[in-house]
Amino acid sequence: MVTFQEISPADFFYRNRDIAGFTNPSRAIFVSIRELVENSLDSADQMSVPPEVYVRLTEEDASTTTESGNGVYRLLIMDNGSGIAARHIPSAFGQVLFGSNYKLKQARGTFGLGGTMAILYGQITTHKPVLVKSSTGGSKVYEFKMMIDIQRNRPLILDRKTRRNKENWRGTIVEYSLEGDYYRAMSKILEYLKQTALLTPYADIKFVDPKGRLYMFNRVTTKMPPPPTETLTHPYGVDVETLQRIIRVTESRNLLDFMRKHFHRVGQGTSLSFLDFAGFIRTPDPKRLKPEAVARLVETNNKSKKFRKFFGRITEEQIKVGLKKAKSQDMIAFLKSIFPNVDRTIILRLLASSGLVRTKNPKKLKPPEIVKLVRMMKQYTDFLPPDASCLSPLGEDLLRAGILKELKPEFIAVSQRKPSTYAGHPFIVETAIAYGGDIPKKDDIVVYRFANKIPLLYDEASDVSIRVIRSINWRRYKVASGMPIAILVHLCSTKVPYKTVGKEFIADRPEVKVEILNGIREVARRLQTFLAKREHVAKEKKRLSVFAKYLPKIAQFSTDLAGKTEAPDIELLLKSVRKYETEGK
Amino acid sequence: MKRKESESSTKKKKDAVLNDLREFGGELYGQMEKGKFPWVEMPSRSTENIYYSPDVRQYILGEKSVKRHARNIRHIKPFTQMVWAGFFASELVKNRKTSTLRDVYYSAQAYEMTFKDQPESNNILTDLETATGFAREDFNVFPEERSALFGDLTIEYTVPGYEGKQLNMTSHPDGVMIGPSVVSAEFAKTGCDKVIAIEKGGLFTRFIEERVHEKFNALLVLTAGQAPRATRHFLNRLNTELDLPVYIFTDGDPWGMHIAMVIISGSANAAHLRGLTTPDAKWGGVYATDIVDYKLPTDPLTDVDIKRLHELEKDPRYTGDLWKREIKTFLKIKKKAEQEAFSRYGLTYIVDEYLPAKLEEMSAD
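So the protein sequences, as listed, match chains H and V. For the first sequence, my numbering begins at 5 and goes up steadily by one. For the second sequence, my numbering begins at 1378 and goes up steadily by one.
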């Protein structure tokens, strides 16, 4: 007999932790640090405070550590972020899928899942509670010692303390134990921190590893990118479930209002045109039109310069005469018959302004209607593209500062593309290319991939950026194999098209791909100019050295041949070569 | 006994060489003194500038010239190398030292003038020849010795340590190597009235054994295959300074025929030089017609041989009736024979029968 049983989200992730990236001890320790660091950075970003993050990893019991480094570690992360209100602390760290990010604006984390997952992982591998200290900067600091009730997805508070916040401290400290393999994960962790520092040049990040070594990534600026604003859903990105959820909470009584209030970049005009396109507009039968309605229509038109431009001055008589002959069943067709030259959308606007347009109450939509509305949203082509105010790209200056700080290149070019969209999600691509400095000379170009300021370190080969970079003929840009070149691609979006839950690589969305390609081309062209100039200078140097090498010899041999004692002065000749060349540039 | 009439040609030449090199250096020096990049102009040696001149009876360079300019980044290295080569040559001549092409290649390294390879260094020396008009032998740069001479010629050495010493060229039964000291020697006296040049060492030795030099009053010269330039120049001197007619005996094939032709009319490679040809020298055989007339044992002509004959047919040097007839005959009989082939009639047949007949035939022309 089959038994059915409901499982909690915590239980689900307990059973399927591979999905979130906790595949093995080395990966688990990497993902844990990453998730918590990202939460810390996000929380400081939200406050517009330059982040300070301190991470300490210690071996809890060295004797249990195996030779390969697999053992029990204690992880502590401290930040200067917003802090968490006391009443939210248990849920924020003891309940899976409870998060502050579950709305539409760009942030590193998406669901508030990662941090809790990391703690959940610690609990199931060590069976020890987590310590959370937090203050929002008020008079109190709250300390919780707790565990997660996995089956019920509830926090279990073991101890709580409240202290006076003497130093006006604000931020969060999380400390817990976990099983992991630091030594195998070390290179990835350090690479992660380095790349994070690169893309967050306004953050101070310190990391103390189990051997007591301190890694410092100091900020070079306190300037931060403008924080993102929250936005509504764009109609192109809506599915049936989302629409139903919005309907459940809406206070709008008609669709016209509903579309305007709950969707991104939908105003009165777009709302009308779309609902007309989707077939959700009803207008009164002209035959039953009341005289007051006629009066309202005429008045609305005559009062508005805008409408008069199309309809001219209308008289009630004119409408009434028309009404007598009217054959049409609705006002739109009726007005069209009188004003054949006026656009349908203008007629719609006039009717709406005159209160002659009716739309359904969204709460009374039947399931087939909801499905139809969603389908029509996808088919309607005249929605304005989402704007990028909900995004928080780094900006060219910060990008440059970050790269200069971590790679110290000889040359750098950065570019921020204009906002674009895919499937209703706005995105911005930022690209950079750097040459020389600390960049290693490799056969292949070094690629740094970021999505919403998160470094992507795994599955490089599957990433869209790599495909784009491979498709480019680099010889055209004077790039040869073995040159110290790094390319950086940063994709900001309210929804990064990850291919997997593990946040490792970005899928091949054509719209995204085109932007990445154009972004890379733009910086590559500037690199080409740099390389060409460099090549020219090198050639020049070589050229001058050739003259400097041979001319004195010619002078010497000629002197000997001619039987003279003193060689002719060739300094002027050498100088002339140099002068001529600098003029030639 | 014939005494040499003209004045010491080697001494005169040495002075001319040194003078020329000094002028060459002086010109460059003057250009630089005026604050100008030095340059030289010389005839172009590209194939389209090489012509056969029926008047001079050898290949010559045409009107085209090339300028090598130190201002030009692609020229300055070879330019420097050439000036160095001139300097090196003048040192050699002044100090009366000789050297080889290989020596030149290595010597350059002492002056941080490393040549990429031997051909590069050879080419630079050819440039110097072209610019000055002197052969590298005049600069005391000699190839390895392989040719030799034997006969009643007394030479007077000019090389250091032997100045004024005389030696008769019959003093060594194997013949005397035509090396730098022989080439630079003055001709003191000779009892010969002709020169017989022979392609192969075997026959040269046979001729000495059979006392051809006495029987025919001849100076024997071994070319050892294609005659080295020093030997060609030496033959020219024998012909012009001592008025000795030169007769050449080679194998009966296109290659032997061409050995004779290069002695007579020179090669395209040496179009920039004079004094390496002996236009009045005569080829005595082995002719294709000799193969038929003497019924010599033969080998069939190979494809390469036939291809070479067709090339020679078009060669402007092969315009004489004799050459045309022999090329045609070779192509007809498609056979070739070596000089040694006469041995089928006995070892001395070539000396007793063939040579007198040939000499008579040639001197009658």
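Any given hint could turn out to be false.
In silico EDC-like cross-links for lysine to aspartate or glutamate, where the CA-CA straight-line distance does not exceed 20 Å [unchecked claim]: (1) H:K557 x V:E1730; (2) H:K553 x H:E526; (3) H:K132 x H:D153; (4) H:K543 x V:D1392; (5) V:K1571 x V:E1400; (6) V:K1454 x H:E544; (7) H:K482 x V:E1404; (8) H:K557 x V:E1410.
Just some of the chain V residues that point at chain H, by a computed CB distance under 8 Å [said to hold, decoys possible]: (9) W1461; (10) L1478; (11) Y1482.
No lab work stands behind these hints, which were simulated from the structure alone. Every residue, glycine too, gets a C-beta built ideally from N, C-alpha and C.
Hint by hint, here is what the structure shows:
1. H:K557 x V:E1730: violated, 63 Å
2. H:K553 x H:E526: violated, 41 Å
3. H:K132 x H:D153: This hinted pair holds, its Cα atoms lying about 13 Å apart.
4. H:K543 x V:D1392: violated, 45 Å
5. V:K1571 x V:E1400: violated, 39 Å
6. V:K1454 x H:E544: holds, 16 Å
7. H:K482 x V:E1404: Violated, because 45 Å separates the two Cα atoms, which is more than 20 Å.
8. H:K557 x V:E1410: With a Cα-Cα distance of about 15 Å, the restraint between K557 (chain H) and E1410 (chain V) holds, given a limit of 20 Å.
9. W1461: Because about 5 Å separates W1461 (chain V) from the closest Cβ in chain H, which is inside the 8 Å limit, the hint holds.
10. L1478: violated, 19 Å
11. Y1482: violated, 17 Å
The structure does not agree with the numbered hints 1, 2, 4, 5, 7, 10, 11 stated previously, though it agrees with the rest.
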